[in-house]
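2 protein chains.
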Amino acid sequence: MSSGPNSPSNIHIALDVMGGDAGPDVMLQGLRQARETGFDAEVTLHGRQADIEAALEAANITDRVPAIAPAEDVVTMEDKPTDALRRRRGSSMWQAIAQVKEGNAKAVVSSGNTGALMAMSVLQLRKIEGIDRPAIGALWPTVSSRCVVLDVGANVEVSANQLVQFAIMGEAYARALFGHDRPSVGLLNVGAEELKGHGLIQTAAKILREADPEMAFIGFVEGNDISKGVADVVVTDGFSGNIALKTAEGTARMVGGWVKDTLTANLRAKMGAALMMGALKDLKQKMNPSRANGAPLLGVNGLVIKSHGGADADGVAAALMTALALAKHPYLEEIQRTVAKVNRRVESGAVADLDGHDLAKAAQ
Amino acid sequence: MSSGPNSPSNIHIALDVMGGDAGPDVMLQGLRQARETGFDAEVTLHGRQADIEAALEAANITDRVPAIAPAEDVVTMEDKPTDALRRRRGSSMWQAIAQVKEGNAKAVVSSGNTGALMAMSVLQLRKIEGIDRPAIGALWPTVSSRCVVLDVGANVEVSANQLVQFAIMGEAYARALFGHDRPSVGLLNVGAEELKGHGLIQTAAKILREADPEMAFIGFVEGNDISKGVADVVVTDGFSGNIALKTAEGTARMVGGWVKDTLTANLRAKMGAALMMGALKDLKQKMNPSRANGAPLLGVNGLVIKSHGGADADGVAAALMTALALAKHPYLEEIQRTVAKVNRRVESGAVADLDGHDLAKAAQ
Chain A
1 MSSGPNSPSN IHIALDVMGG DAGPDVMLQG LRQARETGFD AEVTLHGRQA
51 DIEAALEAAN ITDRVPAIAP AEDVVTMEDK PTDALRRRRG SSMWQAIAQV
101 KEGNAKAVVS SGNTGALMAM SVLQLRKIEG IDRPAIGALW PTVSSRCVVL
151 DVGANVEVSA NQLVQFAIMG EAYARALFGH DRPSVGLLNV GAEELKGHGL
201 IQTAAKILRE ADPEMAFIGF VEGNDISKGV ADVVVTDGFS GNIALKTAEG
251 TARMVGGWVK DTLTANLRAK MGAALMMGAL KDLKQKMNPS RANGAPLLGV
301 NGLVIKSHGG ADADGVAAAL MTALALAKHP YLEEIQRTVA KVNRRVESGA
351 VADLDGHDLA KAAQ
Chain B
1 MSSGPNSPSN IHIALDVMGG DAGPDVMLQG LRQARETGFD AEVTLHGRQA
51 DIEAALEAAN ITDRVPAIAP AEDVVTMEDK PTDALRRRRG SSMWQAIAQV
101 KEGNAKAVVS SGNTGALMAM SVLQLRKIEG IDRPAIGALW PTVSSRCVVL
151 DVGANVEVSA NQLVQFAIMG EAYARALFGH DRPSVGLLNV GAEELKGHGL
201 IQTAAKILRE ADPEMAFIGF VEGNDISKGV ADVVVTDGFS GNIALKTAEG
251 TARMVGGWVK DTLTANLRAK MGAALMMGAL KDLKQKMNPS RANGAPLLGV
301 NGLVIKSHGG ADADGVAAAL MTALALAKHP YLEEIQRTVA KVNRRVESGA
351 VADLDGHDLA KAAQ
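Sequence lines, in order, name chains A and B.
Residue numbering for the first sequence follows this note's numbering, starting at 1 and increasing by one per position.
Residue numbering for the second sequence follows this note's numbering, starting at 1 and increasing by one per position.
Hints in this document: simulated from the structure, not taken from any laboratory.
Idealized CB from N, CA, C, for every residue including glycine.
Fair warning: there could be bad hints in the mix.
To be verified - Under 10 angstroms between C-beta atoms, here's a sample of chain A residues computed to sit facing chain B:
1) I68
2) R175
3) F178
4) D181
5) S240
6) K246
7) A248
8) N266
9) G278
10) K286
To be verified - Sample of chain A residues lacking proximity to chain B, with all beta carbon distances greater than 10 angstroms (derived):
11) E72
12) V259
13) G272
14) A273
15) A279
16) G310
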């Protein structure tokens with residue numbers, strides 16, 4: 001398909017088809033599906049030649065057949081990041097990232113080992129200047145739309161400065177993906193009486209308010225605010241973020257199971273379910289986790305999109321669409337610019353602590 | 001009703017009927033409902049005499065009318081704990097707790113200000129020896145049953161020792177409530193590759209394994225394991241726990257909203273919903289947050305049950321049933337005994353760190 005809803009983009013994406021739980025077949029079915037909904041980037045497939053050829057045939061991709069960049073080695077899910085860096089430079093993952101480094105591709109998409117993908121990306125592409133450590137942002141369904149939550153697992157311990165950096169990266173990501181000019185940003189906190197969270201959250205909030213007045217920072221939000229859609233971007237450390245994300249997934253799965261039980265509880269219920277078939281299809285679509293697949297490694301100086309290891313074709317298609325949306329947007333430059341601006345303001349002493357403390361020091 | 005499924009318990013419970021968002025009416029409707037499902041404790045009602053008399057009449061409680069302990073002052077939701085301690089000693093909350101202190105009641109139940117309830121309870125009843133700070137445990141629905149998650153908000157920053165204490169308190173609570181001899185206990189952690197959580201979680205796991213081999217400690221669990229029912233007790237710090245709890249509530253509400261939309265999407269769907277009425281009633285019951293209402297202030301040397309400020313009559317009834325279950329069980333003594341045992345073993349040096357570090361020091 002050469003004509004999607006968008007005009008052909010001339011954007012090139014490197015697709016690592018190995019490494020996910022399901023393998024090249026699912027990756028290429030995902031590509032086929034993405035094309036059917038307007039994905040118009042050029043793609044190069046990285047992986048074992050024979051596997052790719054078989055998968056292309058299985059997915060029945062005969063039009064605009066992507067180029068194959070053969071790589072015999074594969075990063076496994078068991079590889080430790082440090083080992084992958086040492087021993088997997090002949091892998092499809094390494095070579096796909098190299099395409100971005102060399103300017104041949106604008107983005108890389110992989111369903112492989114997250115730790116290895118992060119380590120290889122940071123080594124080859126480096127971090128954005130002013131970013132201490134990259135973060136992983138998750139797309140989160142809300143009652144009305146979607147939001148971004150970060151970090152969801154890359155950084156279990158963070159400084160106030162890192163929370164500020166997460167806010168800046170999440171804002172740029174949300175702007176690229178949702179098309180809002182000024183996405184709202186909230187800091188995740190607890191809401192019980194007399195508890196106002198860690199000191200570092202207070203410091204991060206202060207810096208965001210004072211040093212980045214251009215950001216639509218709405219202050220603290222609570223766990224139940226995420227799915228309410230109170231903020232376009234919810235910022236937290238990787239420990240709480242990972243727990244929140246997995247807890248939400250578990251809860252949705254449990255409630256989904258209860259709904260299924262309800263629909264099949266007895267003959268009358270089954271008849272009722274048959275009557276509401278159309279509406280149930282919408283519900284199933286809303287609850288499909290594939291919709292939210294595709295998380296950029298934020299803070300890496302290049303576009304690297306992590307697709308879930310167990311993603312299905314729908315999920316891979318969503319990750320490819322995210323890669324394309326980000327590739328069309330100057331979001332890396334925005335992060336660079338905003339981080340530099342905020343750091344300048346904090347270091348110049350323009351941001352004073354309420355108690356006169358050195359905020360630049362407290363934030364480290 | 002003097003005959004429930006249990007024999008009359010001769011247990012006395014002090015019920016603070018003021019302070020919740022809904023007031024004495026809901027508290028007494030809750031009492032009425034609890035009695036209908038076997039709640040056989042004696043109850044004294046603490047609060048404004050006129051309000052209580054009106055609420056007794058509204059709830060139509062004419063049999064076994066509880067005694068009234070008049071208290072004209074009320075702790076408000078806005079009171080800071082420190083202010084409440086200073087200025088609210090004439091309040092229903094303070095006086096209800098005093099009943100436990102003086103041995104006139106076995107437990108107190110209140111829907112009032114959590115911070116004030118905690119502060120007043122610690123001041124009057126003291127903490128259990130060996131417990132650094134009390135915690136709040138939440139009942140959490142799982143696919144097959146329920147589990148306890150703690151802490152969910154009292155302690156945003158914790159030591160490894162405190163996580164160990166939470167585990168011990170949660171285990172005793174689950175034993176009293178679920179009737180398992182050896183409830184399984186898990187430590188909440190992140191599951192991404194190469195991330196094994198904070199050092200203090202590692203230390204806590206080590207202590208639990210080595211110093212409390214009697215506990216059915218199953219190691220680390222992830223956010224999605226909570227609703228799967230992987231552990232009877234899930235231990236975490238109050239920051240992550242509060243976020244997990246509220247995120248789960250938000251997710252359940254969002255999915256519930258989607259289900260409602262599905263059932264009313266169009267005429268066919270509405271007809272279908274009418275057919276499955278019975279099954280939907282079960283679903284509604286499963287999703288009713290009132291089922292999980294009633295959280296003991298764990299670590300306080302006396303039974304104090306916090307009911308949600310916005311609890312309905314169902315919720316108040318659940319909190320009263322929890323109070324009665326705990327009052328019938330030697331769970332305070334169990335916590336005392338286990339904490340003393342574990343502390344003894346850690347301090348004797350019987351628990352060695354893998355690297356030979358002083359675990360007793362690392363845990364503080």
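Numbers of unmet hints, in rising order: Hints 1, 2, 3, 4, 12, 13, 14 and 15 contradicted; others consistent.
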